[in-house]
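Undergrad: Turn these sequences into a full structure, and let the hints steer you where they fit.
Going by our numbering, the first residue of the sequence shown is number 48, and it counts up by one from there.
Honestly, the hints are just simulated from the structure, not real lab data.
Watch out, some of these pointers could steer you wrong.
Label pairs and their computed distance ranges (CB to CB) [claimed, not checked]:
1. His205 / Val236: 23 to 29 Å
2. Asp235 / Arg183: 41 to 47 Å
3. Tyr230 / Asn152: 18 to 24 Å
4. Glu187 / Pro221: 33 to 39 Å
5. Asp235 / Lys156: 31 to 37 Å
6. Arg186 / Glu244: 42 to 48 Å
Remember, it's a predicted structure, so these values are computed and weren't measured experimentally.
Using N, Cα and C, we set each Cβ at its ideal position, and we do this for glycine too.
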Amino acid sequence: MREPPAQPGCRDTVPPPDRQRVMHRDQVQVDKQCQFILKTRCSSTTTTPVIVDPAQKPFKRRRSLINWAFWKGSNPNLHSSSTNLSSPAPGYLFGQSLSTICWDNSLPKPVMDMLVFLYNEGPFTRGIFRRSAGARACRELRDRLDSGAQDVPLSREHVFIIAAVFKDFLRNIPGSLLCSDLYEQWMDVMEEAESEEAEEEEQAQDITR
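TA: Written out as structure tokens, the structure is:
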């Protein structure tokens, strides 16, 4: 039997298989498409971005080399702020003025022993005053020296420990190593040395002429 021919003007209610595949593919492509939704966000405060130049280095004020040796004794507030809070109270050696611990213009024996040790080992040790040492070992050696003992064996200690303890001794001298009371005299000595160098240069130039 043959199907009756379709009447003109009538549309098929069921699409052919090829058309179904095309419609299904179009629907899948639509579903796979990314959709972006733009929404306005209200902000109560507006911030202005700060532009920082990475090539620009922070400004750091350099301290004068001439005044470096006197800066601790010139400002008591600065001295107190730079002191370690965990440092012990002044004992026999550390934290005492030179006029108190020096008799007949001679240094105490523990200080001389450290100087002799550093004199012998320092020239052969690289970075002797720059490299750090163990905090516990330095504290133990400092306590023994600060107890008033005169014969503390230093040969068993590491050179960096002795260097660190010696720096700690210099750092805790009240009024700094170069007495801040004699600041004007120290400056006069430096000016005299500069004038002498200028005279020597002039004499050398006269000889060469």
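Undergrad: Now tell me if each hint is right for this structure.
TA: Results of checking the hints against the structure:
1. His205 / Val236: 23 to 29 Å: violated (37 Å)
2. Asp235 / Arg183: 41 to 47 Å: holds (45 Å)
3. Tyr230 / Asn152: 18 to 24 Å: holds (21 Å)
4. Glu187 / Pro221: 33 to 39 Å: violated (24 Å)
5. Asp235 / Lys156: 31 to 37 Å: holds (34 Å)
6. Arg186 / Glu244: 42 to 48 Å: holds (44 Å)
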